[in-house]
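Undergrad: Single-letter residue listing:
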Amino acid sequence: MKLTTPHLLGIKDLTKEDIELLLSTAKQFKEVLQRPVKKVPSLRDITIVNLFFENSTRTRMSFELAEKRLGADSLNFTSSASSVAKGETLLDTVNNILSMKVDMVVLRHSASGAPHFLAKHIPAAIVNAGDGINEHPTQALLDAFSMLEKKETLEGLKVAIIGDIMHSRVALSNIYLLNKMGAEVMVAGPPTLIPKHIVEAFGIRVTYNVNEALQWCDVANVLRIQLERQNQPLFSSLREYNLAYGIKRSMLEKLNKEIVIMHPGPINRGVELDSDVADGPHSIILNQVENGVAVRMAALYLLSPRTP
Amino acid sequence: MPVKITGIVFYILCRVDWIRTSDPLHPMQVRYRAAPPPVIMHYLHKRVANVKAFTKIQYIFAKFYFSLMNILLKQVTIAEQGSPYNGSVKDILITNGIIQQIEDVIDEPNATVYHLEGNCVSPGWVDIFTHCCDPGLEFKETLSTAVDAAAAGGYTHIFTLPNTNPVVHNKSQVEYITQKANNLPIHVQPLGAVTKNCEGKELAEMYDMYASGAAAFSDGINALQSAGLMVKALQYVKAFNGVIIQLPVDKSIGQFGLMHEGIVSTRLGLPGIPAMAEEIIVARDIKLARYADSKLHFSGVSSPKSLEYIKRAKEAGLQVTCSVTPYHLFFCDEDLAGYDTNLKVSPPLRSRTDMLALREFVLDGTVDCIASHHLPHEWDSKICEFEYAKYGITGLQTAYSALQTVLPGITPERIANLFSVNARTIFSLPNATISQGQKAELTIFNQQAGFVLNKEDIKSKSINTPFIGADLSGKVIGIYAKGNLVLNK
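In order, the protein sequences belong to chains A and B.
Counted the way the numbering used here counts, the first sequence spans residues 2 to 309.
Counted the way the numbering used here counts, the second sequence spans residues 147 to 635.
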């Protein structure tokens with residue numbers, strides 16, 4: 002079985018069947034990861050380069066581990082500066098690496114559409130590990146995977162995405178995925194951090210009141226305040242943000258139901274999420290990290306030139 | 147050697163630029179060199195002993211030469227609103243750059259005849275917003291290559307942007323362009339900068355630039371942000387009937403935006419620039435133009451709301467005019483789905499509704515001119531991530547065909563107004579009326595023919611255009627300017 006696209010550039014390009022295939026493959030790999038010997042030789046002799054033009058801990062390690070567990074050879078390239086600032090263009094960098102006979106590229110980049118640009122110019126399969134404020138497809142897949150461990154189905158599930166929606170690629174990928182899988186989505190946060198046209202664009206709900214979002218939802222996916230991506234003041238202070246939009250334990254206790262708390266990490270403790278919520282019984286944040294490896298194994302496996 | 151062949155050889159010898167001058171001529175100029183160099187005449191006098199043969203050669207040459215001076219355009223449809231010839235099919239005889247005769251049928255044996263049935267002829271087209279990148283950015287474009295592209299696109303007169311290096315903000319920069327343009331086959335006039343270095347801080351020497359030949363004043367691709375400075379500039383140019391051209395963008399709104407803010411930008415995850423960023427400047431500058439009672443022209447208007455403001459200002463009798471680009475009429479934000487860097491422009495491509503509304507404003511006469519917004523960029527500045535790609539596309543060669551494609555029902559006289567007559571009125575250029583005794587400055591175009599721009603046919607030095615390979619309708623056949631006829635292949 003293969004995906005309908007040669008690259009994983011975003012959830013936007015996937016069909017519902019693609020998403021189901023990725024999730025079911027990830028389930029098999031998660032089972033592999035529970036074994037004493039966690040390695041499979043599925044991608045032996047395949048070389049994968051992890052190109053990270055932006056800081057990352059979780060995603061990079063998760064991809065690297067996924068590659069190792071699949072038996073692939075991996076190569077790491079990290080650069081906090083953008084390719085342009087370094088003087089070499091992205092295309093040159095990648096072509097240089099590809100001439101060393103690399104089969105697949107995992108790319109994280111600060112510019113939206115960077116993997117799409119690369120896909121037009123290079124022959125290798127590309128996995129988008131986050132581009133600008135556009136998409137982060139493997140994160141949305143692992144979020145869905147983690148939700149499915151807690152809930153039976155995504156169909157009809159009420160998911161609230163809370164925080165900096167405007168600068169979050171996680172939000173966009175999640176919205177695409179949840180829409181395709183039939184879940185209901187509500188976004189919540191300060192109006193300056195919610196794109197003006199989000200309702201027309203995706204047919205989702207918007208609220209500026211976090212309590213309302215929590216009351217409505219089954220799952221709350223709390224996003225990180227992307228301070229590094231905000232080049233202008235969009236709220237006055239972190240303290241005020243926490244007062245108005247931070248998730249606190251008391252808020253969860255007031256609800257007459259159990260909800261699941263998720264966060265893509267890294268957490269700004271005391272800003273969008275208080276510590277007692279992040280470490281509390283509602284949180285499945287560490288499960289998300291664990292599932293990340295399985296989901297990325299599935300993505301790499303399904304996109305590799307080896308897979309029939 | 148038969149006399150006729152000798153004559154032709156002689157003619158070719160005369161055409162070749164044997165004498166190397168310090169100021170090399172433009173290749174087109176060589177083809178149309180008016181007289182044989184004296185050196186050749188002297189050489190022939192000495193060598194051709196047989197006087198009779200020499201006379202014969204001279205006779206043949208003279209016949210050839212006069213036939214070149216006389217150009218007869220057969221059966222062209224004249225497109226010029228208000229002209230007695232408008233819409234009629236005529237023969238036009240041009241002698242030495244002057245329209246000698248316009249008749250139903252002209253027979254002139256000593257003329258080079260061009261059969262142009264089915265083609266329209268309009269007063270020579272004007273582009274008011276072309277970046278020639280010369281001096282300083284010659285790796286993108288030079289005056290000479292821009293002029294080639296303009297001639298191929300049907301233009302006989304272009305205004306160049308001041309955003310060069312150094313900026314066209316004083317007399318010497320204006321004169322550099324006007325003098326260099328003397329040797330080029332079409333008219334080129336620079337736009338002088340409104341502020342020094344186009345920085346929007348201090349007024350530039352606009353009077354001096356005007357006296358040296360600047361067509362109008364603009365900070366080009368740098369929109370003038372300060373309202374205080376804008377009103378001063380508008381007042382200042384009144385003294386010499388000058389016009390300020392503004393590219394309306396408020397840079398503090400959607401500062402980090404890369405495309406039009408809307409549903410598409412939200413779905414593509416690209417930061418947006420709301421249409422409001424343009425509308426605010428249009429509304430503000432109209433107020434300033436009213437206060438200063440001066441002439442203001444908005445170029446590259448992309449939002450229908452802005453055009454409504456402009457329409458109302460015109461109705462109120464203000465001297466406010468505007469132009470739109472062909473690409474804002476042709477593309478919309480939905481075309482950016484593949485992050486095509488060739489569609490990264492400023493102001494950004496608006497929504498489909500806006501694009502369709504813009505077309506209506508072109509037809510109803512609110513839009514005065516079509517401005518190419520020809521912004522050449524080197525190849526690698528577009529082969530990169532969308533965010534890092536430079537703004538702008540080249541557009542001289544495709545401006546007319548793009549317009550004709552999106553507005554198939556447009557009349558020839560409306561085309562003449564949009565490309566020529568209105569700009570000539572707004573910027574007080576010499577009129578190019580098609581009438582007897584008038585200096586000939588013409589553009590010949592065909593509304594029915596098709597046009598496909600191949601990469602090899604691009605005359606500009608840069609190829610950053612989304613129109614390569616696109617099936618366009620309407621074709622520019624050629625131009626007549628500065629005494630020369632230049633026909634496209």
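These are computed hints drawn from the structure, not numbers from a lab.
Heads up, the beta-carbon is just placed ideally off N, CA and C, and yes, glycines get one too.
You may find that some hints are simply not true.
To be verified - Derived DSSO-like pairs: lysine-lysine, alpha-carbon spacing no greater than 30 Å straight-line:
1. A/K13 x A/K151
2. B/K605 x A/K121
3. B/K326 x A/K121
4. A/K121 x B/K342
5. B/K397 x A/K197
6. A/K152 x A/K102
What the hints assert, rightly or not - Listed below are several chain B residues computed to face chain A (Cβ distance under 10 Å; list not exhaustive):
7. Y485
8. E531
9. G555
Undergrad: Determine for every hint whether it applies to the structure shown.
TA: Going through the hints against the structure:
A hinted pair counts as satisfied when its Cα atoms are at most 30 Å apart, and A/K13 with A/K151 qualifies at roughly 25 Å. At most 30 Å may separate the alpha-carbon atoms for a hinted pair to count; B/K605 and A/K121 meet this at roughly 26 Å. Pair hint B/K326 plus A/K121 does not hold up; C-alpha atoms about 41 Å apart against a cutoff of 30 Å. Between A/K121 and B/K342 the alpha-carbon distance is near 42 Å, which puts this suggested pair outside the 30 Å criterion.
Between the alpha carbons of B/K397 and A/K197 the distance comes to roughly 19 Å, so the proposed pair stays at or under 30 Å and holds. A distance of roughly 43 Å separates the Cα atoms of A/K152 and A/K102; the hinted pair therefore is violated under the 30 Å criterion. Hint status for B/Y485: holds, given a least beta-carbon distance of 4 Å to chain A, under 10 Å. With 10 Å as the threshold, the beta carbon of B/E531 comes within range of chain A, its nearest partner Cβ sitting at about 4 Å, so the hint holds.
At its closest, the beta carbon of B/G555 sits 32 Å from a beta carbon of chain A; the interface hint therefore is violated under the 10 Å criterion.
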